[in-house]
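Asks: Assembling the complex is the task here: the two chains are given apart, and the hints tell you how they should meet.
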Amino acid sequence: MILFDNVSKRYPGGKEALSDVSFGIQAGEMVFLTGNSGAGKTTLMKLIIVLERATKGQVIVQDVNLNRISAKHIPAIRRNVGVVFQNHQLLFDRNVFDNVALPLYIAGFQHREVGRRVRAALSKVDLTQKEKAYPISLSGGEQQRVGIARAVVNRPSLLLADEPTGNLDPELSKEVMDLFIQFNQVGVTVVIASHDLGLISRLNKRQIKLHEGKLL
Amino acid sequence: MKTPGATTTSISMPDLMTAWLRSHRNVAIQSLSNLLKNWLTSLMTMMVLGIAMGLPLLLYILLVNVLNLSENFDGKPRISIYLNKQLEEADIKRVLTVVNEHSNTQSFRYISPEEALADFQFRSNFVDVLNTLASNPLPGVVELIPSYTDPVKLRSQIMELEKLQEVDTVLADLLWIERLFSFIKLAESVVILLALILGLGVLLVLGNTIRLSIENRRNEIEVVKLVGGTNSFVKRPFLYLGFWYGIGGAISSWFLVHICLLFLSGPVELIAQSYRDHYALVGLTFLEGLVLFAVSSALGLLGAVLAVYRHLRIIDGSL
Ligand SMILES: Nc1ncnc2c1ncn2[C@@H]1O[C@H](COP(=O)(O)OP(=O)(O)O)[C@@H](O)[C@H]1O
Ligand SMILES: [Mg+2]
Chain G
1 MILFDNVSKR
11 YPGGKEALSD
21 VSFGIQAGEM
31 VFLTGNSGAG
41 KTTLMKLIIV
51 LERATKGQVI
61 VQDVNLNRIS
71 AKHIPAIRRN
81 VGVVFQNHQL
91 LFDRNVFDNV
101 ALPLYIAGFQ
111 HREVGRRVRA
121 ALSKVDLTQK
131 EKAYPISLSG
141 GEQQRVGIAR
151 AVVNRPSLLL
161 ADEPTGNLDP
171 ELSKEVMDLF
181 IQFNQVGVTV
191 VIASHDLGLI
201 SRLNKRQIKL
211 HEGKLL
Chain E
1 MKTPGATTTS
11 ISMPDLMTAW
21 LRSHRNVAIQ
31 SLSNLLKNWL
41 TSLMTMMVLG
51 IAMGLPLLLY
61 ILLVNVLNLS
71 ENFDGKPRIS
81 IYLNKQLEEA
91 DIKRVLTVVN
101 EHSNTQSFRY
111 ISPEEALADF
121 QFRSNFVDVL
131 NTLASNPLPG
141 VVELIPSYTD
151 PVKLRSQIME
161 LEKLQEVDTV
171 LADLLWIERL
181 FSFIKLAESV
191 VILLALILGL
201 GVLLVLGNTI
211 RLSIENRRNE
221 IEVVKLVGGT
231 NSFVKRPFLY
241 LGFWYGIGGA
251 ISSWFLVHIC
261 LLFLSGPVEL
271 IAQSYRDHYA
281 LVGLTFLEGL
291 VLFAVSSALG
301 LLGAVLAVYR
311 HLRIIDGSL
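Protein chains in written order, with full-length UniProt numbering: chain G, 1 to 216; chain E, 1 to 319.
Think of the hints as simulated: they come from the structure by calculation, not from any bench. Just so you know, these numbers come straight off a predicted model, no measurement behind them. Cβ atoms here follow ideal geometry from the backbone N, Cα and C, with glycine treated the same way. Keep in mind that a hint or two might mislead.
[To be verified] Only pairs whose alpha carbons sit at most 25 Å apart, straight line, appear in this in silico SDA-like list of lysine to any residue: (1) G:K174 to G:R202; (2) G:K72 to E:R218; (3) G:K72 to E:R25.
[Said to hold, decoys possible] What follows is a list of derived Cβ distance ranges for each label pair: (4) G:G198 to E:L21: 27 to 37 Å; (5) G:A133 to E:L63: 57 to 67 Å; (6) E:M44 to G:S139: 37 to 47 Å.
Chain E on its own, in the form it takes in the complex (with noise of 0.2 Å):
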């Protein structure tokens, strides 16, 4: 008795990776014909995909554009580091040293005591208190304005310079940074809740739009089964249907993202200027782009696997 498989060789052996190779891209392309021609059903769906996945996507970019203006902004918190009294020249210079190597400073400015005094003259009237005094009661101080305004680094940063000898205390004010990088790490988890909640969302419609693509296709399947296509010749379309819905929900959702970007850019260059500022409103990044598009096209594959794999009763039926 011969095996099943002998009694079939229309195709010679190395034809069938060539075969193979020409079915898929036969598929492939066939798939996103049919999406094509049903061009506004494909559309909304796509605009629905695009919207779930637009969503936590805005969030993340404007995320991304506050933390980019606290970066940029005016209000950096400033680091006072005041030195100790009667301290010698190579001294100072050893601190400033320290603070110009350190990979968070961005700049620093000296003022010696006789600067702080005369500055103080300036600014204020107790010309004559200070001038009953003996010697300049002030300290010399290093006002830095760090790279980064993480708090983590700030602190370190912080401790690093109340180490040395010569500092006598150092100074920064860190509530409101904290405050606004505690407000990020919500807004971060919040995005994250959002992309899983609404990745779920993307989907459940896929799986539902495939599997309404499968009962469409019910007689095709019946048909191509009955003149002995395979298993995996009857879900490969589907598959790439899926892939191709991610690929455009993915577009979408840039789209989406971009016109809020330019909707919101006029209104955050008027709260630019009024802090005499530029702000020009950053949008995803090539790699950020690359991922959308990954993520997208594996969601839409997912939700394809699954829709397939939970519908093979029709693909496998009584056929």
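In isolation and in its complexed conformation, chain G is listed as follows (with noise of 0.2 Å):
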């Protein structure tokens, strides 16, 4: 599914934020990406959804080279891929429905699909009743749980979350948690950026360690 090969990274007049990470990861696995703030988690994921370019080596993604495409394809990859981003979450101008059928009137899916698929996500989230509620109505943890319904509404093979339970309490860190465990169960392969070690410990899930740029 996703696969790391001598990958560096390092930003333009910054130092490297990566360097020669290799890893791979299966379909339907799910793993976690840990490490200080700085370690270059964040990085990482950007290089998989092409937010950012490799400086170094290949990073291959649902047998797909990202260092060899172009502009035009990168929409395409990222259509495959829902990504959960601490800092590009709900659009406050819109409700419920309209923040998690975003990608799909992106995909230019039929309204009646568009209703369907939207409602399916928002019920897998435990949100059917708050789909014309606006996000600033919201709790937290409900914020961050339409923020998933959104990364799953185009059914994606692959799951990103940079860091999910950020901002929440123990509780509903669990309750996210356990929503990217129901994904993962269906099939979805999930890759979770955290540094909440206590909750990652009792997931007994495999753990992606970085350290300054380098894998441990």
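Replies: Below you can see the structure in the form of structure tokens.
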């Protein structure tokens, strides 16, 4: 599913955020990406959806070599990956339904199909009754779940989440984590960046540990 | 290794076209409803555009009316065609036929030497002097009122008439009409210049408005790109926004011009009355209105295209 082969990433004018990283993730796996702040977790995820490009090495995702892909093909890559990113959260000028429907509008789904899939996604995160609500009126945990619904509405085979429990209290964190486990159980490959080591250790999943851009 | 495109066939090929059309329709409606939601700001921008476009438009319309007036005006130049003396009835007929068939002849009147003499005697005290003359010294005259007062047309008409062998001289007072026309030419240049300058202003205002809109929606743009929106999908709402602004600008300039005309129609009627005449100001014709909307929406679209390409980096960004 994901293959990193000697990947390095240096930001322009910055130090190396990733150095010589090599690993593979099988389809259907659930993997945690751990490490301190600044270890390179976000950078690694950005490489997977071509928000950034590797300066060295190969990144291969779903059999596509992302180094060789042209800008015009990037949207197609991203439509097949669900992402929950910290600083790309909900749009506050539209209700929950329209937030979740955004990837479907972009892909050009028919109105009826959009409604069906959005409701299916909202029911998975247990927010069916909130589809008309505006994000501002939701709690932090609910907002996070709307974000997850948006990430899975397109039924991607790969789900990336960057610190999805970052601002949540332990109980809500566990709820959100359970959601990811459920998606993984129906076959979705899940990669979660997190430094919530307590929660991770209890889940007993594979961990990819980063420290200052290097694999541990 | 698969091609990247082949990995995402969430919709089948025949659906792509309808999906594309549906997306356009949705974006068009969405951007219009966004404009209406912030109607006060939209209205102000549209009024600025309306003023910028309305100014040259108003001048143009006034010019059209001046031209119209000069056509209907009583003070149209008369062309006096003095015929040679001692012409046969047939020769006079031939001249009158030529005059009649000319495309720029609105009406004409033949004044025979006898009539001219009678008129002259009626109006002057030279009765005695004239009576002493053996023959009538006055020539036959054709008084012609041209259809168009365009000096170029008049000049060629006069030249043609002068070539006739029965015609002695052709007189017309073209000076004032030529002055009027050179003034109109100048005004036309002013209209064009003003339209160009203010058109540039419209582009700048639109460019800036769209830039603000792009910056306000930076977060949305990033999210859209994150979930697989193409660049053209991201740009589309802004292009439609420009288009709608153009339409709104056209509407407001149309109103501006017609309100001004309404305001001017009173004084114009007063002037017309002083000439014992009527004159109703004409507004934009249907075709001119159509041109206004086409030009304005094209300007809107162009402004949006420029803004979008200037701020592509926000759209492309690090994404
Ligand atoms: N856009 C950027 N430009 C320059 N340096 C960056 C940029 N993004 C991240 N970095 C640097 O790269 C390193 C890794 O960052 P990041 O991937 O965000 O780590 P993490 O997500 O594990 O906290 C950090 O030192 C950070 O300062
Ligand atoms: Mg991070």
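Asks: Each of the hints needs a verdict: does it hold here or not?
Replies: Okay, the hints, checked on the actual structure:
Pair hint K174 (chain G) plus R202 (chain G) holds up; C-alpha atoms about 10 Å apart against a cutoff of 25 Å. A hinted pair counts as satisfied when its Cα atoms are at most 25 Å apart, and K72 (chain G) with R218 (chain E) qualifies at roughly 20 Å. Proximity of K72 (chain G) to R25 (chain E) is assessed by CA-CA distance (about 23 Å); at most 25 Å being required, the pair is judged to hold. Between G198 (chain G) and L21 (chain E) the beta carbon distance is about 52 Å. The supplied range of 27 to 37 Å is therefore violated.
Between A133 (chain G) and L63 (chain E), the C-beta spacing of about 58 Å keeps the proposed range 57 to 67 Å intact. With their beta carbons about 38 Å apart, M44 (chain E) and S139 (chain G) fall inside the hinted range of 37 to 47 Å.
In this structure, only the earlier hint numbered 4 is contradicted, and the remaining ones agree with it.
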